[in-house]
Each structure stands twice: as C-alpha cells, then as structure tokens.
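Just so you know, the protein sequences line up as chains Y and W, in that order.
The first sequence maps to residues 0 to 341 in numbering that gives the first Met the number 0.
The second sequence maps to residues 0 to 341 in numbering that gives the first Met the number 0.
Hints listed in this document are in silico derivations from the structure and should not be mistaken for laboratory results.
A portion of the hints provided could be inaccurate.
Since the list gives no way to pick out one identical chain from another, each pair is judged satisfied if it fits inside one copy or across any two copies.
Said to hold, decoys possible - Below 25 Å or equal to it, Euclidean Cα-Cα: the simulated BS3-like pairs (lysine-lysine) are:
1. Lys-122 with Lys-189
2. Lys-94 with Lys-122
3. Lys-81 with Lys-189
4. Lys-262 with Lys-252
5. Lys-262 with Lys-273
6. Lys-328 with Lys-220
7. Lys-94 with Lys-35
Because the structure is a prediction, the values reported are computed rather than measured.
Protein chains: 2
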Amino acid sequence: MQEMTKVALDAMGGDNAPVEIVKGAVNAVNARNDIKVFLVGQETLVQAELAKYSYNAEQIEVVHAPEVIEMAEPPVIAIRRKKQSSMVVAMNMVKQGEADAFISAGSSGAILVGGQLIVGRIKGIRRPPLAPLIPTETGVSLLIDCGANVDAKSDHLVQFAQMGSIYMENVLGIKNPRVAIVNIGAEEEKGNALVKETIPKLHACEGINFTGCIEAREIPKGGADVIVCEAFVGNVILKLYEGLSSTLIHVIKGGLMSTLVSKIGAALALPALKKTLKSFDGTQYGGAPLLGLNGLVVKTHGNSKCTEITNAIFQCITFKEQDINGKIKEHIIVENADSEEE
Amino acid sequence: MQEMTKVALDAMGGDNAPVEIVKGAVNAVNARNDIKVFLVGQETLVQAELAKYSYNAEQIEVVHAPEVIEMAEPPVIAIRRKKQSSMVVAMNMVKQGEADAFISAGSSGAILVGGQLIVGRIKGIRRPPLAPLIPTETGVSLLIDCGANVDAKSDHLVQFAQMGSIYMENVLGIKNPRVAIVNIGAEEEKGNALVKETIPKLHACEGINFTGCIEAREIPKGGADVIVCEAFVGNVILKLYEGLSSTLIHVIKGGLMSTLVSKIGAALALPALKKTLKSFDGTQYGGAPLLGLNGLVVKTHGNSKCTEITNAIFQCITFKEQDINGKIKEHIIVENADSEEE
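Turn these sequences into a full structure, and let the hints steer you where they fit.
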C-alpha cells in the first residue's frame, strides 16, 4: 500500500470557511488517493457541508473542535486559551505525529504563534520564516521571510536562504536556485547594517547559489528564485505586490471602459487579458509554508477558495515525499544551536 | 519687478544630458518669465544645444563646469574631489545664495552627499529625507524617506512626518494632509522596534494629521498623503512600484497580442489604455525634493526627459513662493538640536 500524506485542515479558518475549505478537501481526495484529510472544526457544520459531496469516506475524517480563533484575537492569548479551537486541535495532531501537515486560511498571527508553540521548531532553527511564492514575469519566486519575525539577525537570514533554497529545489523543482538578498542597490557596499552584515555570511554559506543583492524593481522580473529579506521588508513587498496589482488592474479596466470604441476593444481583448492576469494571480500557487518546524504548517490567503485549499494539500504531498524537513535538518547551519531563542 | 526663482540646473546629469536637460530649461523659461535657469556644465556642449532654440536670453545663463560626476562613482569621493563638476559648482551656487534651487538627474548618491556636505542642513534637521511623489488611484502621495539615511531613528521619522506634511500642504495644496507610518499591520501594537517607538511620538506631534499605520497594500489606493518610513523600506516601495508597474504593463500588452481577436481589441482600446497608464507614470510629477537643506535640492529620474525637467523647475517656484524652508524652520521639533549628526 502506498504511503498516505495526512493533512490536518482547519475547517473554520478564513473568510470562506467552512464551505470552500470542505470543497477544497473533497476535490483533493477525489483527485488523488494518496492523501487523507482531517477536517478539524465544528462537527455539525462540517458534516453538513460534506453531505453535499460524494468522495471516498476513508480519505476524509471529521475531527470535532468546538472553538474558533477569530481574526482579530491577540494570537498568543488565543493559542494559549482556546485549547479546543480548530487551530490548536489540528496543530496538536501534527505535534503528535497523527498528521504530517497543518493548513489554515485563518489568522496569520495565530498560525505563526501556534506553529512555534505547539508544533515547535526543528532543533537548531532559530526563527521559522513564512515563505510565500510570488508571481513574476518568468514564473514564481519564494519571498522569505514574510512572517512575524521582526528585527531579525543576520544568522536568521542565512538560515532563511538555506531553507528557501531547499524548498525551491525540491518542491518547485528549480535546480540550483538563485538566492539574492533584498537591498537598496545592486552594489554590496550599500544597505543597512543588517544587510551589510548578512552579505559576507551568505557568500560564505556552502550549498546555496548566492547571486548577491537584488533591488526591489528586479523582483517582478524574476531576478532571483529565493528572495531573502527580514519580515518587515518581506511583508511590505508582499502587500505592495497585492495592492499595486489590484489597483493597476482596476485602473486599466476603468480606462478601457472610458469610451465606446475602447469598450468594444475591451470586450474583444478581455479573454486574453484575463488569461494573462491569471498568471499574476496568487491563488494558483497554494499556500505559504512556515518553514523549519517539526511538521509542515501552511498558511493560505484569508480569502482562499477551494482551488487554493486543494493546491495547498497537494503541496503537502510534495513536501513530505521530498523529505524537506530531513534535508533541512541535514543541511542547515546549527553552529549556534545553543543560542536558540524562545 | 516680480521676484525671480533662480535654479541651478545640472546640464550634465542623467541618461539624456545635455539634450533633454537644455530643452527642459528652454521650455520652462518660454512658459514663465519669473524663472532664471543657470545651465551648469561643459560650456561648448551646452551652448551648442542652446543654439537650437529661441528664448529670452536674460532667463538662461550658462555656467562652465568642466568635470562630470559619473553614475558609478563613489559619491563621497566624487563630491570631495571633483570640485569643478557640474554638481559641485551648481550646489555651491545654492550655498552662496546665487541660486534658490539645484536640480539634477545625475547620481542619487552624489546628490544626497552633496546636499548634506555642500548645501548643508537647516539647523535642527537631523537627516534630510528624499521624498518622491508616487502615483495612486486617487492622486499622488509623498513617500518619505527614499534616500540614503539607513538605520534611521524614531526622531528622524517624526521630522520626516513634519516636513512631508508642510510640503504636501503648501506645494501640492492638500489641506491637512493625512500622515501615516508604514507598518506590517493596521494595528499599532504590530511592527518592528523602530515603528513601535515612532508611533507614540507621531501621536504626540502637534501640527500634523497623524492617522496611524498604513499597510503597503493600501498605498496604491491612496490611503495616506504622507507615507512615512525609513529609507530602506521607502526604497523598496519606490522600486517595487516602478518594477511591478512596468512588468504588469508588459505582461498585459503581451496578453493582448496573443490572439488575432484580442489584437483587434487592443488596437481599439489602446488610446484609452495609454491615457490611463499615463496617470501611473512618474514622469509627470517632476522630481523628488531632498528636504531640510539650506536651499532646495531636487533629484529627478536618471532617464528624465525635458517634461520632467520643466516640471521640476516649476516645482522650485512653488517651493520658494510658499517659503517651505521658512515653514520648516518655524515648525520642526528641534529639541534635540544639540545632538545633530554629521
């Protein structure tokens, strides 16, 4: 019998829970028989959704969790107090080895906190980075870190570069991925104190293909496969990507509707235009892994639809098959393991 | 007789010097008679360009400067050694009061260094920020700081907020401009150490309309008039804006050309589309002022054409008429004037 990838899925997380989450799980198990999904959440609600579909009953199991962590709750308090929430119950399943991975479209803060407090870090990993894939002109790049690790240190960034490199090579299949650090110029003498301290460490780091600095303007062009930065900068890049894409598309649509002739033109051009914009649509890339934990934790967009959930589940299979955590344990610099932080 | 605004223009700076720079100066003086432009650069070259146009000879004067600071030169060394460069000669004219303002499309680094070393800071201003206007869905916002002030402190950011506010109110005519600080969440308890330290100081700062934190995704929507951040983050925002806009436009054009039907549609829609994209085109907003100096220093894009130069010259008139530096001197917190930095 083939090995199953077991995914604990937060049925209550995100704007479209439980409807789209349940649908995403059903679509995943109907497409592949090497997955088992635990739908963790309020049993009555989840079962009512499940009743709409036909699927192999052995591949989906509902795990009851009466509480829900809301988006606005302070993460640390929510994770500590709501022991019966879908998030805490599901992450405990990963901790106990009952599931290989946890996926949630819920509160980012709670996922980041729960990942560290419940699932726990791999020994030697100092900070687990959140690493979404962002679309570029030539494909996708991994932006690492976009999480909650504010005021990171250079040693953290070196670990991000290593983990990101392993992920892109083994999950995305990009051989010898180009690793670059975000800087305010292409020249290595530029930058803030953190970047200047990190650059020589990245040059000295074996097993990664460090190509130097990348300016933000080169990111959308696909200038590197692994884009290393501390979380504040990563967050700004990720959110500006989102905001600017939607604003430009909005502005362009408005422009196309401004005259009768351009309206006709727009009608003719729209199918091709939509197909193109689809390539810049984050939803098709599944979720963002929180790397360096004892198990996989994946954060998907708060507004995830079923397709994003299904893709995130498939991503977990590759992550397990490629033994990403085994490779992280083998390759990451853990010289400073004794200086681990809480 | 009306008062003239005197502008020292670097005729040798940027990709299109001296052709577009000279043309920009001629267009400016032909449009308004309250400007005098000093074209600073290699006299023979500049005169040869000028000979192509007709204009009021009293409004343009060529000032010979045999040396040129190249884009790749280390800024501090270039400014210190090339005393006869167009940049150093022109900035000295501002220092001596022979010109009100200096404009250059040349090396940003050299402009920033020269601004501080030659023109000099207003007493009490700790770091002069570079503050470009960026396009938004509803107009423009001032992004402050995008300069070379790495590892800024909270007191610097408060001064940026004040100077940016004065600029937007008096040069752009936006009453009571909304000031926001870039953060990784809308909530004030989020952020890195610098942002957390700055927020209460901005709340306490009189004379500005501080509206709280802004996430990067709200910037293109026009979520604030003055966007405060330290220079590394500002640089990332500015360059990602540039890169993502050009990539998306490129990708969209490619998509429109993909089928015959969409090609016809594109041909019909193109005039409206171009007009729309023009509203997201940085060139129409003139240059970025380097605020807080004893005189105005304006940096325009390296690839500036004549229109951008002309607009930058007009911007200097408003800056002088509105006595921006007088207002900065009057309003800026200078409590820590004794702790000024070099």
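So, against the hints stated earlier in the document, which numbers end up violated here? Going through the list in order, the structure violates hints 1, 6 and respects the others.
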